[in-house]
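A.B. asks: Residue-level listing of the chains:
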Amino acid sequence: MKVGLFIPCYVNAIYPEIGVACYKLLDYLGVEVDYPVNQTCCGQPMANAGFEDEAIPLAKSFEKEFAEYEFVVVPSGSCGSFVKLNYPRLLSKEGRESHTSGKVYDFCEFLHDILKVDKLPAKFPHKVSVHNSCHGVRELHLSSASELNIPRYSKVKDLLSLVEGIEVMEPGKLDECCGFGGMFAVEEQAVSVCIGQDKIKNHMATGAEYITGADSSCLMHMQGIVEREKLPVKFIHVVQILAAGL
Amino acid sequence: MSTKHAEAAERFIENKEQESWHNETLWLVRVKRDNMAMAVPEWEELRELANKIKMHTITHLHKYIQQFAENAEANGVIVHWAKDAKEHNEIVYDILKKHNTKKLVKSKSMLTEECHMNPYLIEKGIDVVESDLGERIIQFMGVPPSHIVMPAIHIKREAVGKLFEEVLHTEKGNSDPTYLTRAARAHLRNEFLTADVGMTGANFGVAETGDVVVCTNEGNADMGTSIPKVHIVSMGIEKLVPNHKSLSVYTRLLARSATGQPVTSYTSHFRKPREGCEMHIVLVDNGRSEILSNPEHIQTLKCIRCAACMNTCPVYRRSGGYSYTYFIPGPIGINLGMLKFPERYYDNVSACSLCYSCNNVCPVKIDLADQIYRWRQNLDSLGKADKMKKLMSGGMKFLFTHPSIYYNTLKMAPAANIMPRFMIYNGLNEWGKGRELPRFSGESFTQMWKKGKVQRKNNK
Amino acid sequence: MDNSKRDILENIKRHTSVQYDMPEIDIEGIQYPDKISQFILISKAVGGDAVELDPGQDVNEIIRALYPEAKRIASNLPDISVATFNPDDVSDPGGLNGTDLAIIQGEVGVAENGCVWIPQNVKQKVLYFITEYLVIILDKNNIVNNMHEAYEKISFNDKGFGVFISGPSKTADIEQALVVGAHGAKGVTVILK
Numbered sequence: 001m002k003v004g005l006f007i008p009c010y011v012n013a014i015y016p017e018i019g020v021a022c023y024k025l026l027d028y029l030g031v032e033v034d035y036p037v038n039q040t041c042c043g044q045p046m047a048n049a050g051f052e053d054e055a056i057p058l059a060k061s062f063e064k065e066f067a068e069y070e071f072v073v074v075p076s077g078s079c080g081s082f083v084k085l086n087y088p089r090l091l092s093k094e095g096r097e098s099h100t101s102g103k104v105y106d107f108c109e110f111l112h113d114i115l116k117v118d119k120l121p122a123k124f125p126h127k128v129s130v131h132n133s134c135h136g137v138r139e140l141h142l143s144s145a146s147e148l149n150i151p152r153y154s155k156v157k158d159l160l161s162l163v164e165g166i167e168v169m170e171p172g173k174l175d176e177c178c179g180f181g182g183m184f185a186v187e188e189q190a191v192s193v194c195i196g197q198d199k200i201k202n203h204m205a206t207g208a209e210y211i212t213g214a215d216s217s218c219l220m221h222m223q224g225i226v227e228r229e230k231l232p233v234k235f236i237h238v239v240q241i242l243a244a245g246l
Numbered sequence: 247m248s249t250k251h252a253e254a255a256e257r258f259i260e261n262k263e264q265e266s267w268h269n270e271t272l273w274l275v276r277v278k279r280d281n282m283a284m285a286v287p288e289w290e291e292l293r294e295l296a297n298k299i300k301m302h303t304i305t306h307l308h309k310y311i312q313q314f315a316e317n318a319e320a321n322g323v324i325v326h327w328a329k330d331a332k333e334h335n336e337i338v339y340d341i342l343k344k345h346n347t348k349k350l351v352k353s354k355s356m357l358t359e360e361c362h363m364n365p366y367l368i369e370k371g372i373d374v375v376e377s378d379l380g381e382r383i384i385q386f387m388g389v390p391p392s393h394i395v396m397p398a399i400h401i402k403r404e405a406v407g408k409l410f411e412e413v414l415h416t417e418k419g420n421s422d423p424t425y426l427t428r429a430a431r432a433h434l435r436n437e438f439l440t441a442d443v444g445m446t447g448a449n450f451g452v453a454e455t456g457d458v459v460v461c462t463n464e465g466n467a468d469m470g471t472s473i474p475k476v477h478i479v480s481m482g483i484e485k486l487v488p489n490h491k492s493l494s495v496y497t498r499l500l501a502r503s504a505t506g507q508p509v510t511s512y513t514s515h516f517r518k519p520r521e522g523c524e525m526h527i528v529l530v531d532n533g534r535s536e537i538l539s540n541p542e543h544i545q546t547l548k549c550i551r552c553a554a555c556m557n558t559c560p561v562y563r564r565s566g567g568y569s570y571t572y573f574i575p576g577p578i579g580i581n582l583g584m585l586k587f588p589e590r591y592y593d594n595v596s597a598c599s600l601c602y603s604c605n606n607v608c609p610v611k612i613d614l615a616d617q618i619y620r621w622r623q624n625l626d627s628l629g630k631a632d633k634m635k636k637l638m639s640g641g642m643k644f645l646f647t648h649p650s651i652y653y654n655t656l657k658m659a660p661a662a663n664i665m666p667r668f669m670i671y672n673g674l675n676e677w678g679k680g681r682e683l684p685r686f687s688g689e690s691f692t693q694m695w696k697k698g699k700v701q702r703k704n705n706k
Numbered sequence: 707m708d709n710s711k712r713d714i715l716e717n718i719k720r721h722t723s724v725q726y727d728m729p730e731i732d733i734e735g736i737q738y739p740d741k742i743s744q745f746i747l748i749s750k751a752v753g754g755d756a757v758e759l760d761p762g763q764d765v766n767e768i769i770r771a772l773y774p775e776a777k778r779i780a781s782n783l784p785d786i787s788v789a790t791f792n793p794d795d796v797s798d799p800g801g802l803n804g805t806d807l808a809i810i811q812g813e814v815g816v817a818e819n820g821c822v823w824i825p826q827n828v829k830q831k832v833l834y835f836i837t838e839y840l841v842i843i844l845d846k847n848n849i850v851n852n853m854h855e856a857y858e859k860i861s862f863n864d865k866g867f868g869v870f871i872s873g874p875s876k877t878a879d880i881e882q883a884l885v886v887g888a889h890g891a892k893g894v895t896v897i898l899k
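Protein chains in written order, with the numbering used here: chain Z, 1 to 246; chain F, 247 to 706; chain B, 707 to 899.
The following block holds chain Z by itself, in its conformation from the complex (with noise of 0.2 Å):
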């Protein structure tokens, strides 16, 4: 099994940490993990802003860096959730196939459905609040959305539960957004920065000391809030806790 690390731009210069856990898990799973270096942006700033044919040409350039591998893993739903979904539809605009949209898997999404992981020597004893981000939830399925009457999963919280010592939360408005949203953030700083102050007020009430979650860039907005306001709560992605000590 040859799997393509998909590490998306940002995370790619802000939290390198989260990609070399991806690693290290991977690795210690037994998957053979290769990094393309040529990767860059799956486009989906630039379409959800409004200019989604802009991301045509890092589609195509994805689609090529990530040709040869059986499996694409990435540390971020929504980025994922825009390749899945959004690729197709974009590169049949230039007669094209997308062979990666249907091998992408968002990480825990990975562990839990195709490598299904059931044990982890990982230890972290403390109490954490599960950030349901909207991409995860209602794209990518990660856990049961909270509006749909079907039965009630979390792919996240099952991963977690496998790490010894820890307590894992879920805040008010279980998956509420957290005001994101990539250009959105900036197009509606005030709406965007309230949601997320509401959003990390629901995930201290919990008592946890770290705000985790599937999604990189949910956890970037909330931390730049938490930074400003000097909260006394840290942010840790759920792969850094399943890799925890690895």
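In short, the hints are calculated from the structure, not lab data. All values derive from a computational prediction rather than experimental measurement. Some hints here could point you the wrong way.
Stated by the list, open to error - Below, computed lysine-lysine pairings styled on DSSO-like, alpha-carbon distance capped at 30 Å:
1. Z/K173 <-> F/K697
2. B/K892 <-> B/K829
3. Z/K103 <-> F/K697
As the list claims (entries may be wrong) - Pulled a few chain Z residues facing chain F out of the computed Cβ check, cut under 10 Å:
4. Y10
5. V11
6. A55
7. S61
8. V137
9. Y153
10. S161
11. L162
12. I166
13. C177
14. G179
15. M220
16. I225
Ideal placement from N, C-alpha and C gives every residue a C-beta, glycine not left out.
For chain Z, the structure is supplied; the task is to place chains F and B on it using the hints.
C.D. replies: Coordinates of chains F and B only, in the frame set by chain Z:
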């Protein structure tokens, strides 16, 4: 780079107490909706049926609308056809004139709002009385609704108390909701008794029987149509369902989705005029038939106006109905406004973080968020794309399609010059208003990988 | 106006492209092991009430006990002796204003939401809404599980009006505070026979 919505939203949020109340109050409605949805085991199946029945009906509208009109006429109802708002208003006024109407008492109708009917009739000297309590409050205040189901949700009880002191002579300083509602009851009871004509909207029209179905909790539509000798129904052509069997699906979904009740207090079926009275139905197109040809947005025609999308929307709850420039706010309003007049209402397209919660609560499964995404793609061709956003997107594309430049930038530059570029590009620095900027790590993952810092040592 | 009808129909035709099939509506709506107790429960939940008549108990006794202060009591039902007048003798609907209590016959009750189907069975339907309090008499064998079953069962008469009533009139238009008795009845009791 901020839209009219963003600016108005910022003003709304400045009053933190009001914003927080608005947010939490509407969230409670969402919670009530959830409780109802979870108590119906076949909920998702119902939504899927509601979706399919509407898709069928609106794509066979040519048949159903005629069937409906024929059956209504056979029942003794007078059916009118209005191409647009102007025609609708004229038809209504003609009926009123024929009956020497001084006072028209009406229940809530988003369609008469859409047609700007009240100002038109008032101009002509008709005393138009809104009878839904929330609608009456905002009519007294001279302001538009801020929510389609709870039109006065933005107004606090003290303000209502003060208003009623002036217009209904209630006790000074008494803002108890029960007291104020009783005062409105007495006042509107008199209006019902003295109105010449009653008017309602329509929640559903049943093609097979010609029934008009109106749902209210207050009973105001029933009061308004049981006393005056004339009943006028204002109804959009998309309101049809084929038969009662279909209707049963929607009467189970509507109130549960709208207010978290199992059903509205009154679900009234108007089939014939009352004995010795007249009943008119005005069927209104006003742009609806054109939406049929728009595959990207045809699903808006399924809407049953429950407002669940507003109550769940993280943006609507924190920005209020008036922050939108179209009279219907929230996810459905963004889309309907764009369908109505994109050059005028494009400012609302920014009011969405693409969280997709609206898609999930919608009882008829309208792809609301997907549609907003699609509108954004069209803004550029309308010439309404934000220039800064366009520049940023273009800049990002350039950088990302030239990996060597991108990685050089990544190597050389501080965070400000790389990702997340769109957050810090413009001089206003909107990101920095409430958030610290993310810090560049010093060494990117790519650099680490290239230097072999990531890979396991015995792994080449 | 004829032109408008023609234009609208033409526009609809011209703009319709892909057509979708009507789905089979074979959904099994929610079922209750005990429809009567569920109906009573939900009637209370929607702000009303429902009571079961004991065998041999006179419906008039219950009504008198429930509404001791009612003075103007309307009913056209033959066995309602507490009625002080027959509403069908009142020709002007406004003349029914000031009715304290109306006792009417319901046809079908719905266990999932407390609805009772009333095909217009009085001369002036305003009675259902203008009365201060409302009593609906319902045969408990006519309670169905859900709205799908209800729509199979309901009927119209030649008056051409019917309404599902679920509990009293209510509003929450002032700050979402629930107030019972907006325009219609301030209280509704369903008596199950």
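A.B. asks: Hint by hint, note whether the structure agrees.
C.D. replies: Hints and how they fare:
1. Proposed proximity of Z/K173 and F/K697 is contradicted: the alpha carbons are some 43 Å apart, above 30 Å.
2. Annotation: proposed proximity of B/K892 to B/K829 holds, straight-line Cα distance about 22 Å (limit 30 Å).
3. With a C-alpha separation of about 28 Å, the suggested pair Z/K103 and F/K697 falls inside the 30 Å cut-off, and the hint holds.
4. For Z/Y10, the suggested interface contact is upheld, since its CB lies about 4 Å from the closest CB of chain F, less than 10 Å.
5. With a cut of 10 Å, the hint placing Z/V11 at the interface with chain F holds, because the nearest CB-to-CB distance is about 7 Å.
6. Checking Z/A55 against chain F by beta carbon gives a least distance of about 8 Å; that is within 10 Å, so the hint holds.
7. Proximity of Z/S61 to chain F holds as hinted, the smallest CB-CB distance being about 7 Å (cut-off 10 Å).
8. For Z/V137, the interface hint holds, since its Cβ comes within 10 Å of a Cβ in chain F; the closest pair sits about 8 Å apart.
9. With 10 Å as the threshold, the beta carbon of Z/Y153 stays out of range of chain F, its nearest partner Cβ sitting at about 15 Å, so the hint is violated.
10. About 24 Å separates the beta-carbon of Z/S161 from the nearest beta-carbon of chain F, more than 10 Å, and the hint is not met.
11. Nearest Cβ of chain F to the Cβ of Z/L162: about 22 Å, over the 10 Å cut. The hint is violated.
12. The interface hint given for Z/I166 is broken, as the beta carbon of that residue sits about 25 Å from the closest beta carbon of chain F, more than 10 Å.
13. The closest approach between the C-beta of Z/C177 and any C-beta of chain F is roughly 4 Å, which is under the 10 Å cut-off, so the hint is satisfied.
14. Interface hint status for Z/G179: upheld, as the beta-carbon distance to the closest one in chain F is roughly 6 Å, under 10 Å.
15. A distance limit of 10 Å between C-beta atoms decides the matter here; for Z/M220 the minimum to chain F is near 5 Å, and the interface restraint holds.
16. The beta carbon of Z/I225 comes within 5 Å of a beta carbon in chain F, closer than 10 Å, and the hint placing it at the interface holds.
Of the numbered hints given earlier, the model fails hints 1, 9, 10, 11 and 12; all others are met.
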